[in-house]
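**Student:** Sequences are here, hints too, so could you generate the full structure?
Quick note: the sequence shown, position 379, residue 379 per our numbering, numbers continuous.
Read the hints as simulated data drawn from the structure, not as lab findings.
Hints may contain errors.
Pairs of lysine-lysine, DSS-like flavour, derived with a Cα cap of 25 Å [to be verified]: (1) Lys-615 to Lys-534; (2) Lys-264 to Lys-124; (3) Lys-264 to Lys-247; (4) Lys-116 to Lys-264; (5) Lys-311 to Lys-124; (6) Lys-357 to Lys-264; (7) Lys-507 to Lys-492; (8) Lys-615 to Lys-44; (9) Lys-524 to Lys-492; (10) Lys-416 to Lys-375; (11) Lys-222 to Lys-470; (12) Lys-534 to Lys-184; (13) Lys-311 to Lys-288; (14) Lys-117 to Lys-302.
Per label pair, the in silico range of CB-to-CB distance [unchecked claim]: (15) Thr-376 to Arg-423: 37 to 47 Å; (16) Met-542 to Leu-490: 44 to 54 Å; (17) Asn-617 to Lys-442: 28 to 38 Å.
Values in this document were obtained by computation on a predicted structure and should not be read as measured data.
Ideal placement from N, C-alpha and C gives every residue a C-beta, glycine not left out.
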Amino acid sequence: MLQAINDRIKGWLGIAIVALIALPFAFWGINSYIGGGGEQYAAKVNDIEISPREFEYTLSNQRQKLQEQFGGKLPFEDIVLKQRVMDQLVNRKLLEARAVSSGYSISDAQLTENIKKVFSRDGKFDRSYVDQILQSKGMTASQMEYQLRSDMQITQVIDALINTSFITDEEARRLADLENQQRKISTLIFSLDHFSSDITVTDEEIKAAYEVDSDRYMLPEKISIEYVELESGALSNDVAIDEAEIKAMYDEYVASISQKEQRKARHILLKTDVDEAAARTQITDIRKQLADGASFDDLARKYSQDIGSAKQGGDLGWVESGQMVKPFEDALYALKMGEVSDVVESQFGLHLIKLEKIQSEPVQPFQEKRAELEKTFKQEVISNKFYELSELMATTAYENSDSLSSVTDALKVQQKTSEYFTRNSGAGIANNEKIRAAAFSKLVLEDKSNSDVIEITPEHILVLRILDRKPASLLPLDSVRSAIENNLKLKKSHENTLAAAREAKTKINTGQAAVKDIVSAGIKLERSDMLTRKDTTRVDPMILEAAFNMSAPEAGKVVANDVAMSSGDVALVILEEVHVPDNIDQAQIDTIKKQLQQDVSNIEFTAALSAIREKANVHINSKVFQ
Numbered sequence: 001m002l003q004a005i006n007d008r009i010k011g012w013l014g015i016a017i018v019a020l021i022a023l024p025f026a027f028w029g030i031n032s033y034i035g036g037g038g039e040q041y042a043a044k045v046n047d048i049e050i051s052p053r054e055f056e057y058t059l060s061n062q063r064q065k066l067q068e069q070f071g072g073k074l075p076f077e078d079i080v081l082k083q084r085v086m087d088q089l090v091n092r093k094l095l096e097a098r099a100v101s102s103g104y105s106i107s108d109a110q111l112t113e114n115i116k117k118v119f120s121r122d123g124k125f126d127r128s129y130v131d132q133i134l135q136s137k138g139m140t141a142s143q144m145e146y147q148l149r150s151d152m153q154i155t156q157v158i159d160a161l162i163n164t165s166f167i168t169d170e171e172a173r174r175l176a177d178l179e180n181q182q183r184k185i186s187t188l189i190f191s192l193d194h195f196s197s198d199i200t201v202t203d204e205e206i207k208a209a210y211e212v213d214s215d216r217y218m219l220p221e222k223i224s225i226e227y228v229e230l231e232s233g234a235l236s237n238d239v240a241i242d243e244a245e246i247k248a249m250y251d252e253y254v255a256s257i258s259q260k261e262q263r264k265a266r267h268i269l270l271k272t273d274v275d276e277a278a279a280r281t282q283i284t285d286i287r288k289q290l291a292d293g294a295s296f297d298d299l300a301r302k303y304s305q306d307i308g309s310a311k312q313g314g315d316l317g318w319v320e321s322g323q324m325v326k327p328f329e330d331a332l333y334a335l336k337m338g339e340v341s342d343v344v345e346s347q348f349g350l351h352l353i354k355l356e357k358i359q360s361e362p363v364q365p366f367q368e369k370r371a372e373l374e375k376t377f378k379q380e381v382i383s384n385k386f387y388e389l390s391e392l393m394a395t396t397a398y399e400n401s402d403s404l405s406s407v408t409d410a411l412k413v414q415q416k417t418s419e420y421f422t423r424n425s426g427a428g429i430a431n432n433e434k435i436r437a438a439a440f441s442k443l444v445l446e447d448k449s450n451s452d453v454i455e456i457t458p459e460h461i462l463v464l465r466i467l468d469r470k471p472a473s474l475l476p477l478d479s480v481r482s483a484i485e486n487n488l489k490l491k492k493s494h495e496n497t498l499a500a501a502r503e504a505k506t507k508i509n510t511g512q513a514a515v516k517d518i519v520s521a522g523i524k525l526e527r528s529d530m531l532t533r534k535d536t537t538r539v540d541p542m543i544l545e546a547a548f549n550m551s552a553p554e555a556g557k558v559v560a561n562d563v564a565m566s567s568g569d570v571a572l573v574i575l576e577e578v579h580v581p582d583n584i585d586q587a588q589i590d591t592i593k594k595q596l597q598q599d600v601s602n603i604e605f606t607a608a609l610s611a612i613r614e615k616a617n618v619h620i621n622s623k624v625f626q
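**Tutor:** Written out as structure tokens, the structure reads:
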């Protein structure tokens with residue numbers, strides 16, 4: 001299904017929609033609340049809530065993927081990622097609601113066919129692949145079925161939103177003509193160096209430029225700060241090992257191992273939503289057949305209505321505590337190896353469960369586990385201590401805002417100072433953008449108060465205040481005279497070069513001179529064969545772009561236009577001939593038509609989703625961005 005969507009919508013929008021639909025696999029069944037009272041949701045879309053845990057778990061997954069993709073760093077600020085994740089979650093809720101209100105539904109046959117496609121390898125349905133996905137996501141087969149059904153309904157909504165556009169063959173053919181067009185050009189290069197000779201700049205011009213552009217010759221404002229920092233790593237030497245706590249941690253570890261016991265099970269499911277009495281009669285008969293020695297596998301294949309496991313003889317793979325609904329789990333964990341349960345009733349229907357195998361992780365001896373437990377203990381102690389000191393730093397700095405001495409006394413650390421730095425750059429601690437932003441804030445710079453606590457990393461925080469301030473000042477004229485003179489010479493040189501090129505352009509376009517007549521000292525002629533839009537290695541991209549933006553010349557004539565190059569030279573592009581292929585391959589036209597269709601679909605989907613969102617009542621809890 002995800003591939004089907006991706007086939008319809010390419011580019012950034014396609015990726016966004018696939019990500020949007022894939023999101024729930026990351027947080028199925030997880031719920032939490034923001035502490036401290038107030039709003040107990042991350043966002044509310046009409047009457048549908050997005051839980052804080054749902055948001056945080058999704059955010060964590062996407063952050064991890066981006067860091068893996070970009071070498072451990074995010075390609076943008078974390079706040080941007082949070083906003084994008086929230087937008088994705090809100091958009092999904094809107095599409096889910098649209099699917100329900102529009103009456104979209106998915107039959108069991110459609111769902112079964114989709115499961116076969118999604119979980120196929122080498123063209124064949126792979127049950128083991130399903131088990132891997134379920135185990136990695138902490139989902140049951142029933143939960144997965146529910147989610148896939150919802151995803152398919154959203155796909156129907158998306159199809160309805162994007163399948164209204166229509167591209168004709170003629171529109172695609174015209175674009176194909178433009179894409180395959182060839183152009184023949186000549187280029188006259190007017191050298192900046194040649195037209196720079198004999199340029200002089202007077203003292204009056206230098207002085208006038210200095211006064212007009214004085215902002216360019218300012219020394220930026222500089223400040224220095226004093227600060228107190230706290231790093232969790234510095235607290236490790238003060239941690240004493242508590243033997244009783246280490247032993248308690250080991251006991252918790254042993255208990256947790258027993259909770260991680262996995263059980264391999266099969267089941268037979270009969271749904272009760274159509275005829276409950278008939279289902280109860282039938283499952284009683286199946287239970288009797290099992291008691292008479294019938295094969296559980298065979299009966300599951302014949303009778304089970306769980307489409308995810310029936311064809312595998314009811315095989316559910318390995319499950320552990322918390323993965324299945326409670327009645328099912330209670331019955332499974334009450335069985336002994338090889339036993340079959342009595343009839344178990346859950347919200348999904350009636351089950352018969354067979355326990356096949358039991359496995360659990362071996363318990364490490366205390367001495368082998370001790371080093372790991374000590375490390376965990378130290379980390380917890382340091383984390384708690386760091387949190388306490390962070391709170392103490394924040395409170396003390398706020399209550400004694402005119403000095404850092406109270407902070408140093410409370411934390412028993414040394415106060416530090418920085419070198420001078422500007423708003424945009426600095427060395428040492430001021431190399432950090434957060435530090436510079438706080439130091440130049442109104443609170444610190446104008447009110448002369450202590451800053452709020454600044455988080456450099458989760459394990460490194462500090463509070464600062466201004467130590468000294470040097471206001472911006474104008475550099476003396478003598479110190480910048482040479483730079484101004486060079487800038488003025490360069491400006492005049494470019495003006496002279498451009499003027500010469502435009503004079504030649506007028507002569508060529510009016511027929512007063514041929515291209516060859518323009519060539520002289522400082523003006524070089526370059527000729528090109530037929531070019532396509534993709535020939536960026538043969539011709540400067542700026543020249544190529546200009547050539548394909550020019551109107552075609554009349555028969556027997558040429559047309560010229562000037563282009564300012566990044567080198568400072570000026571290129572006079574002379575378009576001599578435009579060639580349009582007589583026959584465009586139908587396959588290429590079809591490809592372009594498909595691309596146009598995708599582009600229009602992207603635009604229409606974005607517009608439709610925006611319209612849906614404008615009509616919705618969306619409230620986002622600002623705490624999730626803090």
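**Student:** May I ask you to test the hint 37 to 47 Å on the CB atoms belonging to Thr-376 and Arg-423?
**Tutor:** 43 Å, holds
**Student:** Verify the proposed pairing of Lys-615 with Lys-44, using a straight-line Cα cut of 25 Å.
**Tutor:** 14 Å, holds
**Student:** Between the alpha carbons of Lys-117 and Lys-302, is the straight-line distance 25 Å or under?
**Tutor:** Holds, at about 23 Å.
**Student:** Quickly compare the C-alpha distance for Lys-534 and Lys-184 to 25 Å and report which way the hint goes.
**Tutor:** 14 Å, holds
**Student:** Starting from the hint 28 to 38 Å, judge whether the C-beta atoms of Asn-617 and Lys-442 obey it.
**Tutor:** 36 Å, holds
**Student:** Between the alpha carbons of Lys-615 and Lys-534, is the straight-line distance 25 Å or under?
**Tutor:** At roughly 44 Å apart (the allowed maximum being 25 Å), Lys-534 and Lys-615 break the hint.
**Student:** With a cut-off of 25 Å on the C-alpha distance, tell me whether Lys-311 and Lys-288 pass.
**Tutor:** 21 Å, holds
**Student:** Is Lys-357 within 25 Å of Lys-264, Cα to Cα?
**Tutor:** 5 Å, holds
**Student:** Given the proposed pairing of Lys-416 with Lys-375, does the C-alpha separation stay at or below 25 Å?
**Tutor:** Measuring from Cα to Cα gives roughly 31 Å; hence the hint is violated.
**Student:** Lying within 44 to 54 Å: is that true of the beta-carbon distance Met-542 to Leu-490?
**Tutor:** Distance hint for Met-542, Leu-490 is violated at roughly 19 Å.
**Student:** Measure nothing beyond the straight line between the CA atoms of Lys-507 and Lys-492; if it is 25 Å or shorter, mark the hint as holding.
**Tutor:** Within the cut-off at roughly 23 Å; holds.
**Student:** Within a Cα-Cα threshold of 25 Å, do Lys-116 and Lys-264 meet the stated pairing?
**Tutor:** At roughly 23 Å apart (the allowed maximum being 25 Å), Lys-264 and Lys-116 satisfy the hint.
Consistency note: the structure conflicts with the earlier hints numbered 1, 3, 10, 16.
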